[in-house]
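4 protein chains.
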Amino acid sequence: MNHTPLGKCTWLIPDCYLPEHSDPDAPYVSHESVCVLNAGDADAHLELTFYFEDAEPSRAQAECPARRTRHIRLDALETDAGPLRRSVPYAALVRSDVPVVVQYSRLDASHPSVTLMTSIAYPI
Amino acid sequence: MNHTPLGKCTWLIPDCYLPEHSDPDAPYVSHESVCVLNAGDADAHLELTFYFEDAEPSRAQAECPARRTRHIRLDALETDAGPLRRSVPYAALVRSDVPVVVQYSRLDASHPSVTLMTSIAYPI
Amino acid sequence: MNHTPLGKCTWLIPDCYLPEHSDPDAPYVSHESVCVLNAGDADAHLELTFYFEDAEPSRAQAECPARRTRHIRLDALETDAGPLRRSVPYAALVRSDVPVVVQYSRLDASHPSVTLMTSIAYPI
Amino acid sequence: MNHTPLGKCTWLIPDCYLPEHSDPDAPYVSHESVCVLNAGDADAHLELTFYFEDAEPSRAQAECPARRTRHIRLDALETDAGPLRRSVPYAALVRSDVPVVVQYSRLDASHPSVTLMTSIAYPI
Chain A
1222 MNHTPLGKCT WLIPDCYLPE HSDPDAPYVS HESVCVLNAG DADAHLELTF YFEDAEPSRA
1282 QAECPARRTR HIRLDALETD AGPLRRSVPY AALVRSDVPV VVQYSRLDAS HPSVTLMTSI
1342 AYPI
Chain B
1222 MNHTPLGKCT WLIPDCYLPE HSDPDAPYVS HESVCVLNAG DADAHLELTF YFEDAEPSRA
1282 QAECPARRTR HIRLDALETD AGPLRRSVPY AALVRSDVPV VVQYSRLDAS HPSVTLMTSI
1342 AYPI
Chain C
1222 MNHTPLGKCT WLIPDCYLPE HSDPDAPYVS HESVCVLNAG DADAHLELTF YFEDAEPSRA
1282 QAECPARRTR HIRLDALETD AGPLRRSVPY AALVRSDVPV VVQYSRLDAS HPSVTLMTSI
1342 AYPI
Chain D
1222 MNHTPLGKCT WLIPDCYLPE HSDPDAPYVS HESVCVLNAG DADAHLELTF YFEDAEPSRA
1282 QAECPARRTR HIRLDALETD AGPLRRSVPY AALVRSDVPV VVQYSRLDAS HPSVTLMTSI
1342 AYPI
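Residue numbers (the working numbering), protein chains in the order written: chain A, 1222 to 1345; chain B, 1222 to 1345; chain C, 1222 to 1345; chain D, 1222 to 1345.
Be careful, since some hints might not be right.
Stated by the list, open to error - Distance condition first, Cα-Cα at most 25 Å in a straight line; then the derived DMTMM-like pairs of lysine to aspartate or glutamate:
| hint | chain 1 | residue 1 | chain 2 | residue 2 |
| --- | --- | --- | --- | --- |
| 1 | B | Lys1229 | B | Glu1268 |
| 2 | A | Lys1229 | D | Glu1277 |
| 3 | D | Lys1229 | D | Asp1262 |
| 4 | A | Lys1229 | A | Glu1268 |
| 5 | B | Lys1229 | A | Glu1274 |
| 6 | C | Lys1229 | B | Asp1275 |
| 7 | C | Lys1229 | C | Asp1262 |
| 8 | C | Lys1229 | B | Glu1274 |
| 9 | B | Lys1229 | A | Asp1275 |
| 10 | B | Lys1229 | A | Glu1277 |
| 11 | C | Lys1229 | B | Glu1277 |
| 12 | D | Lys1229 | C | Glu1268 |
As the list claims (entries may be wrong) - The following label-pair restraints were derived from C-beta to C-beta distances:
| hint | chain 1 | residue 1 | chain 2 | residue 2 | range |
| --- | --- | --- | --- | --- | --- |
| 13 | B | Arg1307 | A | Cys1230 | 38 to 46 Å |
| 14 | A | Glu1268 | C | Asp1301 | 48 to 56 Å |
| 15 | C | Asp1246 | A | Glu1284 | 46 to 54 Å |
Calculated directly from the structure, the hints in this document are not laboratory data.
All values reported here derive from a predicted model rather than from experimental measurement.
Glycine included, C-beta positions come from ideal geometry on N, C-alpha and C.
In isolation and in its complexed conformation, chain A is listed as follows (with noise of 0.2 Å):
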């Protein structure tokens, strides 16, 4: 099989937002993931920056093994800055030193109701 490296290393998301409560009926908790795919052969090593609308960008690490996807959740992510606020506008960076894809979801669950939203990032 070829494992030829597939995407981009730098991949923007200026919408994201962590609702602040889940709904104790909802089928799932509110969050946002950032989903990263690397069908290549060589671990990616990934800096994820987060913008904010009244404070400097604060960091986080995380990794997503070759041949694999990772699915990062933002709740659960901890920052150079503590874990991210959540009824606040921010953005995301994602660098990688190995070329792979991103797309960013995000599921509400503040009613029983849940709704999604999705888009692949943009790619650099």
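Since the structure of chain A is provided, determine the placement of chains B, C and D on it from the hints.
The following block gives chains B, C and D in isolation, referenced to the frame of chain A:
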């Protein structure tokens, strides 16, 4: 830290629509956001142009400071033709004087269970 | 004002589907829109081609005037094979004689709590 | 008619997830679709590769005839490792022997009010 400007200076969003109503039992009010990520070291000055089915375009200004995100709420924006009309199809063009990345999201709260949609805008 | 045409002349949308039903308690009826933004100074003449799983393609015409948007409702469109069938997978190709930008959105109102999805179409 | 093949031969989808449950009162069952549009005059032979967080990739085959769309239901697909597991993050790579366009959509029917999300896949 290297804060190279990332992205493009022109972004288009064909599907804008501000819902008329928000259900009083919904966890949010209906709104649209033009989310801008400015990863560079220079402030971004933005011109938004809005296109309609039945009228000439209108315009508005906004800013996104260096190393910040700005989630521009279209329901709160003042254009040179006043606030954006609700319940009519429209579209948006965003021009920036420095490279940025733009994502469009809509939350429709016409029903207590809100629904979300999002897409990275189209860059030129 | 400079009204350079912005975008591409060919756009593809693989995932189209017109839901059969709309709940009478929903705030909208189920529908799909092909949203066109024509930022230029020449009217856009559009040919839409629809692809199916079990039949040859059908076609329809539409227009988007200069400096206007047009949100084409697929549930209201007359093709050369009649109205589009509901509850079957289909796909769409949009060709324009001048550059435009195209976004596809679906609202499913099968349940009183509607759900939205959207994506910028794929440009060529 | 000119049926030039349109699109690319390689498409990636980082965020796949098959929900475990479907509410009996929902208008649909939970599912994911890989939607392929083949606008050309040659049949497309597709190889789908699925990536996981905790296992080596698995594979499946599919076809999309000339001038047709095919909405591949991932909940019904047989891979070389059996049906896709539910309630685990995974990702997909689609390779075609002729140019096509690929869009990914998910419908989550865990609650009676279903929610949709979609994105054009990432092309290479």
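Evaluated hints:
1. B/Lys1229 x B/Glu1268: Roughly 14 Å between the alpha carbons, so the hint for B/Lys1229 and B/Glu1268 holds.
2. A/Lys1229 x D/Glu1277: 22 Å, holds
3. D/Lys1229 x D/Asp1262: Given pair D/Lys1229, D/Asp1262 holds - Cα atoms ~15 Å apart, limit 25 Å.
4. A/Lys1229 x A/Glu1268: 14 Å, holds
5. B/Lys1229 x A/Glu1274: 20 Å, holds
6. C/Lys1229 x B/Asp1275: With a Cα-Cα distance of about 23 Å, the restraint between C/Lys1229 and B/Asp1275 holds, given a limit of 25 Å.
7. C/Lys1229 x C/Asp1262: 15 Å, holds
8. C/Lys1229 x B/Glu1274: 20 Å, holds
9. B/Lys1229 x A/Asp1275: 23 Å, holds
10. B/Lys1229 x A/Glu1277: Holds, because 22 Å separates the two Cα atoms, which is no more than 25 Å.
11. C/Lys1229 x B/Glu1277: 22 Å, holds
12. D/Lys1229 x C/Glu1268: 22 Å, holds
13. B/Arg1307 x A/Cys1230: 38 to 46 Å: Holds: the Cβ-Cβ distance is about 42 Å, inside 38 to 46 Å.
14. A/Glu1268 x C/Asp1301: 48 to 56 Å: This hint holds: roughly 53 Å between Cβ atoms.
15. C/Asp1246 x A/Glu1284: 46 to 54 Å: 47 Å, holds
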